[in-house]
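Protein chains in written order, with the working numbering: chain A, 1 to 382; chain B, 383 to 687.
Some clues are possibly wrong.
What the hints assert, rightly or not - Okay, the calculated bits of chain B under chain A, using three or more residues with CB under 8 Å as the criterion:
no.	segment
1	549-560
2	594-607
3	611-625
Hint data in this document are derived by calculation from the structure and do not stem from the laboratory.
None of these values were measured; they are calculated from a predicted model.
Beta carbons are placed, not taken as given, at the ideal position from N, Cα and C, and that holds for glycine.
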Amino acid sequence: MNKYITFSLLFLLLFQCTQLGLAKEKSSGSESILLLLGTSPSEGTPYTWDLPAGFPAPKVPSDNPITVEKIDLGRFLFYDTRLSENETQSCGSCHKQENAFTDGLTVSVGSTGQSHPRNAQHLSNVAYNLRQTWANPVLKKLEDQARVPMFGDNPVELGMKDREDLLLERLSTDSDYVSKFKSAFPNDQNPFSILNITKALSSFQRTFISGNSAYDRYQAGDFSALSPSAIRGKNLFFGEKAECFHCHGGFNFTDTVLHTGTVFEEVTFHNNGLDSSRFVSPNGGLYEFTFKEEDRGKFRAPSLRNVELTAPYMHDGSIPDLLSVVNHYVNGGTGDGTTNPYRDVFVRSFSLSESEKQDLVEFLKSLTDTEFTTNPKFQDPF
Amino acid sequence: MKSLCRSVIAAASLIFIGCDGSSSPNAALLALATLSPPGIEFKAVVGDSDASCGGDITGHGDSHSSSVTIQHVAGVMPIGLKDLRFYVSEFELVDQNDNIITLDVPNTGAWQYGGVALLDFENGKGSCSGTTETNNFVQASVENKTYKTLRFTLGVPESLNHIDYSVAPSPLNVSGLAWSWTMGYRFFVGEFLSNDAATLGNAAVLHIGSAGCSESAGVYTCTNSNRTVIELTPTEGFNPFTQKVQFDLKKAVTGWDISTGSKSCHSMGAMDSATCSLVYPNFGLDYSTGNAGSTTQTVFGIISK
């Protein structure tokens, strides 16, 4: 404790007197002090990724190395209703494992009953997200995103705004958490902090790797894993007729991905031809941040992993099932979305027979990974 | 963690005074020895009534029997305060010789950091939603004399607006003022609800912060800063020892009528324009640009202590 304060003082003194930039101040926590000391004690047991074939290593923020202890703590926090002010909801309330961590609702409902304007996103392979949520260009890290449901009030989700002390008191008086927090953050004199809660939650979520679907087994050489219909659908999906792969390509079936090999971070948002009535407040999409009319209705193309389990679809949950989604794209959009000058160039009407539509649906269903949705490591520990 | 952080910052800021070339050690000792340090006092009202938590605020409206159009806080209805907090920064005084004096707003470990002060008029009681602590004072080095002008910014400067609030020094670590969604702060939070039987629960929620923010390589750019510069030049001048700054929530929401339904403005880009554009001019802001508008602010004024 004394050492911590001494070095904090020393660091802050240096900062204050020499007018160092804010970047320095932002890292004025224990790590900088350790940096000054020239030591770097272990933060716990490093987590070993068990990645499916073809999956690159996720990029983990340098200030939150992933450890077994943080993942364990994060799992408890993720399912703990004490993270909501009225103790009715946890992260898991809107992110259910059997639904690939979405909730099956058109839009989610917060702990005080307030409806969210958006459909809860699934969390399959969330470690690879370049941006979090549907259309927020500034929410990059899971650690930052975790604060939105906890402390946001527009809408209220967990309702913990101004209740950090209550939250920390609830957790720090629980003896199980005392040992879990201590194990997860062994270098912290007092490991109970909002930052550490977000670090643990993020570590747990980064382990949500889904890559053992029928499609993956087919790719690995088990040609019996896909039905003839799904194979026809796969060829449509990746072919020049349906062209779904432009926005939903790669191992994670999306067009923005972050991993250790990522050098150039390309961030894209798309208008997928929904009716403009879908883009009114508070669902403006990227427009909310850029003020550009052409960004109205632009959203992130979500990963299609486990898409069969994540209905209803779109940012507002306005499309109920996969066949309706296919019909939306075959039609080149919905309502006045078909003539929206800002819709993505790949959203244009094309011809598909009813059986071909069914083939596409069969292919999308082949992305379902039941090992992911039943993995005990992800289950509610309470 | 918060209390540890506070004590460290407090201790460090004492040393800071000693090593900063702009303040002499004697001044630092003098400041420490003074029990009630000089500064700028604030007061918050709703029309003729104090803006306070824990009960009805009445007497702020126009007469029920008059034919005056009901607006602002819905006229005569009793309201309950929910929240009233805001950040102020970049204080300047202009003396009688037109010299501009930039005020030194020291780090205090609680209410002030980096030249930013948090003014907090809610105490968590009754319908108020924040914390028990309150603050109506900006500690700063001011002289007992009459100045021409007082100037300050309602908001957190851009250089501090995107720091990580969960580890930031107090008062930049208050979750009720942090705005996770934009990776920034709410500069102003004012909320109340109707306690009138006919309109029970109708609410007014006004949150102002920078909007249109993007980030590239760790650098944030916001198209709409939404920082209003408050300039107060009373004809009789301003003496911080005998006068204080008054904020009027009634004037802040003039243009809103919650007798017909709740109103909210969250500075969410252009998404809230219908409600925000009605009240931004009260702060001297143009909602579409986030810059100074064509009208002068009406929410702050100077009164006697």
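These are the hints, each one checked on the structure:
1. Counting residues of the segment 549-560 of chain B whose CB lies closer than 8 Å to any CB of chain A gives 5, which reaches the minimum of 3, so the coverage claim holds.
2. With 8 residues bearing a CB less than 8 Å from a CB of chain A, the segment 594-607 of chain B meets the requirement of three and the coverage assertion stands.
3. Closer than 8 Å: that is the beta-carbon criterion, and the segment 611-625 of chain B has 0 residues meeting it against chain A, so the requirement of 3 is violated.
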